[in-house]
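Residue numbers (this note's numbering), protein chains in the order written: chain A, 696 to 1292; chain B, 696 to 1292.
Calculated from the structure, these hints are not laboratory results. Among the clues, some could well be false.
One copy or two, it doesn't matter: identical chains are merged, so the pair holds either way.
Straight-line Cα separation of at most 30 Å, DSS-like style, residue types lysine-lysine; simulated pairs [to be verified]:
| # | residue 1 | residue 2 |
| --- | --- | --- |
| 1 | Lys829 | Lys1082 |
| 2 | Lys1052 | Lys1172 |
| 3 | Lys966 | Lys849 |
| 4 | Lys801 | Lys1073 |
| 5 | Lys807 | Lys1073 |
| 6 | Lys1165 | Lys807 |
2 protein chains.
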Amino acid sequence: MNNIGFRRTHMCAELNEANAGELVNLSGWVQRTRNLGSIIFVWLRDRTGLVQLVFDEKDCDKETFALGESLRGEYVLSVQGKVSLRDEAAVNEKLKTGRIEVFVRKAILLNKAETPPIYIDDDHPDESETVRMKYRYLDIRRPSVQRTLRMRHKILQTLRNYMDGQEFVEVETPILTKSTPEGARDFLVPSRLHHGTFYALPQSPQIYKQLLMLGGYDRYFQIARCFRDEDSRADRQPEFTQCDIEMSFVEPEDVQTVVEGAFEEVFRTVKGIELQLPLERITWQYAMDTYGSDKPDRRFGLTIHDVSDAVRGCGFSVFAGAVENGGTVRGINAKGLAAKISRKEIDALGEFVKTFKAKGLAWIKVQEGGAVQSPVAKFLSEAEMDKVLQALDAQPGDALFFVADKTSVVLQSLGALRLELAKKFDLIDKNKYDLFWVTEFPLLEYDEEEGRYVAMHHPFTSAMDEDVDKMETEPGKVRAKAYDLVLNGIEMGSGSIRIHSSEMQERMFKLIGLPHDVAWERFGFMLEAFKYGVPPHGGFAFGVDRLIMQLTGAQSLRDVLAFPKAANASCLMMETPSTVDPEQLKMCGIAVVDEEK
Amino acid sequence: MNNIGFRRTHMCAELNEANAGELVNLSGWVQRTRNLGSIIFVWLRDRTGLVQLVFDEKDCDKETFALGESLRGEYVLSVQGKVSLRDEAAVNEKLKTGRIEVFVRKAILLNKAETPPIYIDDDHPDESETVRMKYRYLDIRRPSVQRTLRMRHKILQTLRNYMDGQEFVEVETPILTKSTPEGARDFLVPSRLHHGTFYALPQSPQIYKQLLMLGGYDRYFQIARCFRDEDSRADRQPEFTQCDIEMSFVEPEDVQTVVEGAFEEVFRTVKGIELQLPLERITWQYAMDTYGSDKPDRRFGLTIHDVSDAVRGCGFSVFAGAVENGGTVRGINAKGLAAKISRKEIDALGEFVKTFKAKGLAWIKVQEGGAVQSPVAKFLSEAEMDKVLQALDAQPGDALFFVADKTSVVLQSLGALRLELAKKFDLIDKNKYDLFWVTEFPLLEYDEEEGRYVAMHHPFTSAMDEDVDKMETEPGKVRAKAYDLVLNGIEMGSGSIRIHSSEMQERMFKLIGLPHDVAWERFGFMLEAFKYGVPPHGGFAFGVDRLIMQLTGAQSLRDVLAFPKAANASCLMMETPSTVDPEQLKMCGIAVVDEEK
């Protein structure tokens, strides 16, 4: 018996009118059959798509016809047949190959199949995800999954070639690495050769890439697998892929230019979209003030405006009090939505902002005539109300919403509210790709619980040159050489220039209340390494999975991975994680602990 | 303070005579300094190499000159200076940039460095490897390591582009996967979310790649990280990189053609060597008979010849007995080495072959006159001796060596002996790249201990069509659709066509004595998957690290990895594996077991 039937001459969906009259060999899976008695139509599927086969009693021998009759979905078939143009009436425009069909001369059944537990097509979106994940090896036969995984390949290939062209060297860093001091989310790997000790899977190659700069590699990148043992969450994967970049002798703009170029290349190659470079750069302060978010979705308006000055000392105590206590009053203008938002919906939005610690939501509707409808109207003078309306450029038909509180609460609430309104009223242009930088993040943020400043990114992030002098006097105002890349309101990745001077590093540790000896205990290996001539360096890392989601329109991270884990980090297909032989644990020097103890 | 000094305009070793007169900015590390009083020569190093800087009192201000005086090895420096042609007498031919030097105008010290614990050059090969590994971040500054890691990048990039061009899709398969039944060498990862269960790191993506074929991906590849928890061995790494390939609807030749093409591309691109395709294919039987090895080094002769017929029933009982008992007598001809191998050395070679279970080594020296010197001469008739000499094409000056035993012992001993002789007498042409296929491996081998046949590759390997009929009657003679690629006596990789029919799989399990229910218990998930229309498929995998070793001439796997582990699987640099916080273990539901118990 031949192993592969007829050696393929063509792929199914590559056939077209130009092949008419040719004798071709095809191999693939039976998508569906339609038996008309003396003629049987069979859709054959391979990685390129579908083509219609015709088993015609008049055209093939009895054995072949009988084989045609026996075919069922997902049978594996090899055929030899003649390509024929379809009659105009028989053309199937839905099929890429719909203008031709292949009259089978001979056929060999390569394998049978049981009826699959899921539909092998994209027409059944309500198929249970649990079943799809259990039979992922069948699920990935669907054309949409094939497209996504092929695009994933294309994106990574494009990235690699771009980085290579920019003289970056891809270096593979270890997966078996060391647990970090903050390693609560590290996956551990017990060592069989050294009982009682453990490797950890890397949450990122951060340390290695900085060592590569120390090692003189100058321009490094890696498409790197990373791991984070997070609690169950809807759309998290315990392992993910990251494009990791580090450069020496650079300022933020140098890193940004490379990253932009890479994104430009990917967008052009896989989506045919021309990005305008350089990408827009907005400061963290501007993003927070305007959108209430450090990763704003700018595909719609609803920007935030400060009305603190307008309501200072006004009769509405919530407003006046907030300003008096050093907080602010800010609002957004839901343009033209006054008539669309009911009182009940406003109440719901009020409850919504409370989940972000706002105490409530004040609102003003500007009616068609220009009259103002608002529970707070009676507390404001006409002049105050005018100033407020002016600050938000209010026009008849607009609905205005305000939060009064300390600034962080105001911004977070209004930032969330604008997203909520945009979703509710479908304000987002889904065809838009808004890619831009958020720069000048604060170096530190104050941790109320710990009563001290903590590093906003990580304690190796460099302060902006202009702000270095303020590190001890006004630490909260020091900006970092840190930058995020944002796409459609999603943080694609983040980067920074690192501290390369020991003196500066000591100052940083002092700022975050880390005593010298504790710092050495925790980061000693890095600090030791940094004694030997570390160059100025900085980098960037972005999640490849999330980028692919955006570019393919996938709904979940699971959809952009060939073999994803479910939300609880288990693989339904292989039933992983699983128990193992106690002997195996013993060899590793560990035992499972009874949870009751 | 500026972060990066003067923005680089050039890389150090890219400067040449054409740049003479230009004002350039360079950044890098001080390789060495030579202070002549009023003039200081400094070699500056970056990723491209070295260039000579000149600090001349007459040419730069006092501050700059003072900085020049303060420089020490590995200081990080940014300079602005003028490129100048050297006098003919001052040309340094050893330096790529030896015809020019850069007269420094201004310099900024970016960082100081303590004296490194190792030499940052390739002139100290006797440097302790332990120290080099501990300070790997400095060790990788050496030009030879830079070259190797850059060539590694180039090789992988070339492979990826080649496979992409052949319409293969790279699919990332999980690192957190399932422990296999034969998983004694699996690294385990305890699950924090599901106490008492474990992931395992993959020894290869074998199952996933077969599922991808089942899933219709047709042509898959991956540069995949794999893991094997082996006992300490000199040149093993617990994690390694493999180029993994799988194809559907193929026979062995199809897979081989793709692999050959990939190697051709790599050899051309990184070595400028044109491989002649198709590569030579020799059968396993031929390789064993001729070289006593399934991965022969063919860069030298010393082939094995069967003299069983010549010595059948002769007076030397060791020879005659071996033949009588169904074994063989075979020999190799150490051409022209008779005078070079002393009696003492022959004794040592006798001991050597005993480590391969041979009982002894018979020898014949053909002296210059043609007379024969040999302890066995007296037991052989003249005719027998003639036949033996003829079988080995013996000429005056040759030394012949023989082993008599059962065939497997004879071949293994002589295979090892020829390698030993080649090494001892430097017979290997180190500039030769001998790349070829060994095909038609046996499907099964008899396991004396278990008293049954076992799969030589794995139990999913397909038998050759011609031999399928013999599976039950002469299992030992069934050849598999299995093939290895060998380079200079080293197995680069191996592959096979897999079984895709359930009936054939059952026959295979029966052959290796695996009852149906045990097979299902062990491989149930795969067997279940294979019910749904699996296409004929096969593939190949080769170790990237070993290939890079061959192409770079590296002496150890450690040399081709940026951050390798030492022989005991530990990282001396980061001190990995390490103990972890007991709290962290508790979160994972495990405890370290006291080894005494």
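Hints, one by one, checked against the model:
1. Within a single copy, Lys829 and Lys1082 get their C-alpha atoms no closer than 60 Å, and across copies no closer than 67 Å, so neither meets the 30 Å cut-off.
2. Taking identical chains as interchangeable, the C-alpha atoms of Lys1052 and Lys1172 lie at most 30 Å apart only when both belong to the same chain, with a minimum of 24 Å there against 77 Å between chains.
3. For a Cα distance limit of 30 Å, the shortest separation of Lys966 from Lys849 qualifies both inside one copy, at 11 Å, and across copies, at 27 Å.
4. Within a single copy, Lys801 and Lys1073 get their C-alpha atoms no closer than 87 Å, and across copies no closer than 70 Å, so neither meets the 30 Å cut-off.
5. When the C-alpha separation of Lys807 and Lys1073 is checked against a cutoff of 30 Å, the pair qualifies neither within a copy, at 78 Å, nor between copies, at 68 Å.
6. Proximity of Lys1165 to Lys807 under the C-alpha cut-off of 30 Å is restricted to the inter-copy arrangement: shortest distance 25 Å between copies versus 74 Å within a copy.
Of the numbered hints given earlier, the model fails hints 1, 4 and 5; all others are met.
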